Amino acid sequence: MPMETRSIICISCPVGCPMTVTLEGGEVTKVEGNTCPRGESYAKKECVNPTRIVTSSVPVEGGEFAMVSVKTASDIPKSAIPDCARALRGVVAKAPVAIGDVIVPNVAGTGINIIATRHVKTLLSF
Amino acid sequence: MKSMKQIDIVIIGGGPAGMAAAVGAKEAGCDNILILERDTMLGGILNQCIHNGFGLHMFKEELTGPEYAQRYMDQVEALAIPYKLNTMVLDISPDKVVTAVNPEDGLMQIQAKAVILAMGCRERPRGAINIEGTRCAGIYTAGTAQKYVNMNGYMPGKEVVVLGSGDIGLIMARRMTLEGAKVKAVVELMPYSGGLKRNIAQCLDDYDIPLHYSHTVTNIKGRERVESVTIAKVDASLRPIPGTEQEIPCDTLLLSVGLLPENELSQSAGVELSPITGGPVVNESLETELDGVFACGNVLHVHDLVDYVSEESYAAGQNAAAYATGRQFTGDRIPLRPRDGVRYTVPSAINPDNIDKFAIVRFRVDNIYRDRDLAVYFGENRVMKKRKQILAPGEMETLRIPKSWFEENTGCDAITIRLEA
Amino acid sequence: MQMYDVVIIGAGVTGCAIARELSRYRLRTAVLEQHGDVSMGTTKANSAIVHAGYDAKPGTVKAQMNIAGNPMFDQLSKELDFPFKRIGSLILCFDEASMPELEKLLERGRQNGVPGLEIIDRKRLLEMEPHIGDKAVAALYAPTGGIVCPYEMTIALAENAAVNGVEFFLGQEVQAIAKTDAGFVVETQDSRYETKLLINAAGVFADDIHNMLSADKLSIRPRSGQYILMDKVVGNLVSHTLFQLPNEMGKGILVTPTVDGNLLMGPTAVDIDDKLDLATRREQYESILKAAALSVDSIPTRQAITAFTGLRAHSTTDDFIIGYAKDVPGLLDVAGIESPGLTSAPAIGVYVAKLVGERLPLEANPAFIPTREGIKKFRDMTREEQDDAIRANPRYGKIICRCETISEAEIVEAIHRPLGARDLDGVKRRTRSGMGRCQGGFCSPQVAAILSRELDIPLTDITKAGGNSRILVGRNKEI
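Chains as they are written, first to last, in this note's numbering: chain A, 1 to 126; chain B, 1 to 421; chain C, 1 to 479.
If you are wondering where the hints come from, they were derived from the structure by calculation, not from laboratory data. Please note that a few of the clues may not be correct.
The calculated DSS-like cross-link candidates involving lysine-lysine, where the alpha carbons are at most 25 Å apart (straight line), are [as the list claims (entries may be wrong)]:
{"id": "1", "chain 1": "C", "residue 1": "Lys104", "chain 2": "C", "residue 2": "Lys135"}
{"id": "2", "chain 1": "B", "residue 1": "Lys96", "chain 2": "C", "residue 2": "Lys232"}
{"id": "3", "chain 1": "B", "residue 1": "Lys182", "chain 2": "A", "residue 2": "Lys78"}
{"id": "4", "chain 1": "B", "residue 1": "Lys182", "chain 2": "C", "residue 2": "Lys477"}
These figures come from a predicted structure and were not determined experimentally.
With the sequences and hints as input, model every part of the structure.
This is how it looks when you write it as structure tokens:
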């Protein structure tokens, strides 16, 4: 089995322990340098399956604001971030929008929806 | 001009601090509250902070800025607390007459029983840090860029250098990258970042954006729009080292070089400010040196997490409500003395009679410290010693001082908070 | 192509003062300016001082214009509604050994005819300026010295000239000039202008303009001067303009309140070659602070809100050059207008009009309106006036610039006035929006949106200061 080591800095707290992670065949076999268990679990997750919440804002038509802020409803694989950003190009929401409304379903094939994080009322025009 | 309105508590600012203060005041039984907000909506700066990471302490879940703001807007609505938008306060007099304007009401003068200062803070501009070079277009504070991108949907630049690794700068480095810009470098004067570790990992490392510690921007070139910036390494006294200059072509320089509490109104009222925090000097009840004028949130001292702003402001609201019904927070106070690495404390003095179970003291340190004892002395008597693995200027620390310590140390003339090896 | 009587090149304070003076007469006058606004060169960045007149060498054009210009400010500032305060100047002497220099200055001032000059001792100096530096032993007091806002003054002159019929062509860079029998044909990138007389008020570029036509070459060397502007909280640190004994490069570093209540320090003096080099330099910043520390005992360095650089149009003759070029009939040079150019501008206007009268008949313009009303400042109104203003126009109730308390109504007016603002800096110079301690951090997105709405142009076309100084590069995700 190929063995690999990676250096990462723990982000769980301000201490920022420099950690060395040993991977064998894609599995974490050793975590060194951490000073608490949170470091170990962060290291494992970050090396095997790193995920992120992605936030953005998209234009909204007919609303009281020009833009509506959005996010992935839960975290998506880190590797899917560029596709997620691309998928938001050209997306325009329509007012009214409520927090939690799905703006883009199943973004970039991740199975995760892009949802609104702000209410946008319809702008009354006469 | 209409006759003067009488309001029990006037809250200046409808951001996270103002809203939480309003909720605190209302829940303490005050029914005559008015929030004055200069923007077109409540929520303050949270409206443009569309990233996640808010609310872990307060709501035990990770929210974006607008979502966090909405939680409090919902409470303000549910409690039917009145507020006025588009309203700029022009003056607060020492006897608590608040003068404000908006397009609908014209000029308003309100006699308040209590005033809560919740105006927040602003970013340090370029002039405050004196970078040499031209004064062309393309130089923005990170927050201004954030407003353009997140609220207006426009990009202020394509090729970006960020000066300062405060959280807004880091967040904007990622944000502009995701919108198609190239962030060429983040430059930090200090040998450490004032931003969160998580933001360095997830805003810079994830996108291979280089972070240069102990570097600064020494020059800006460009006649009409920024064409390049020069960065250089700095020595221990933070002076650029000749010969280390490096010119980076770019069209934009974002500044994330610190936040300053916005206290012009406080000064108009005659509130005394701390030269260290830039915010009002307050007692344990978050009351300024001016009776009945309270302060909370970033106008008091710049916080790291909005959760603490909400917590502090809720308390300020409760105290203001008590004041409005006749309670006085006067009496003998014991001064707090920040020493040996502790830069300041909020409050700066405590009257034990005014605390219930414990007093909350927030402070920051002046440098990175590893493996130090945080010690609290009542007079000469050390009442607490706690090992801290790390203390950093970017993190606000919170201490709870139990009432019992005051009872056990009667007659003490000062409380010292210090770091010990 | 229509024939102008007079074309003025340059819309700085000199060009605009001349234009306004000429608008008193039935003349067809045009002003060509390379920048997108008036007041964009030397006028925009200088000490903003109305000099008493003790400094210029007796008998020079500088002395003559300074002495004539200074007393004109009281009436002119009232007529045209721009801020001017006669606060008086103090020229500080830091050691007994230099007292003869001070005496010499007093003598020179008296020779020039400066009223009210006297030398005062440290005791009196301390009464007048409690924060004066420890080393100041005495000072020359010039009560007629004053402060003015140079761009507000220039905008006022230009607006008034425009209302009285002068045509302004902004953003027109002169590329060639041909001498014809009738006069001149001036060519810019977009257009051609034919004129009988040509007035060269091109500031640091006056030599380039002159030398396009004349064999008798002129040389203007830009002399760079850097300034530091401090927050209003320290604006009352001094109440007079504090000079130091002058040297051969200029009047040295001054410390002065501004008409807006800030504190201004500078300028440095460095001869440079590049006429567009407005960069600020760190070592100059530090040298200003060092020199200013002599005049005032504690310089509030933390209150600095910005630094900027201006260029003096220094002529190698060391005097103003005002008059017809010897070898080019009809070319009237107004060149080398460095300090005290701002003070002299009103007098230069009158003098140049007289010179124009030597070649063209000057018939009074019956429609001439001598007065102009500036933008009404919300922050200067009484509470009652503020309330009334909002009721008449609700936009007064929307405060855009929180540091300087500037309302939306003022910004909209700045855009729609004659020669109105077209960019952020134009709004800033007319209203002070963005000039406060946050330096536009909060208000510039709103001002940009108002410009876009009022001028009906896309937000992406809004610039900081014309040309290619766009503030935004495109929509999100589309760059």
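Against the structure, the hints:
Of the supplied pair hints, the one linking Lys104/C and Lys135/C holds, its CA atoms being roughly 20 Å apart against a limit of 25 Å. With a C-alpha separation of about 24 Å, the suggested pairing of Lys96/B with Lys232/C holds against the 25 Å cut-off. Taking the CA atoms of Lys182/B and Lys78/A, the gap is near 19 Å; set against the 25 Å cutoff, the hint holds. Our distance criterion of 25 Å between C-alpha atoms is met by Lys182/B and Lys477/C, whose separation comes to about 12 Å.
Taken one by one, the earlier hints all hold for this structure without exception.
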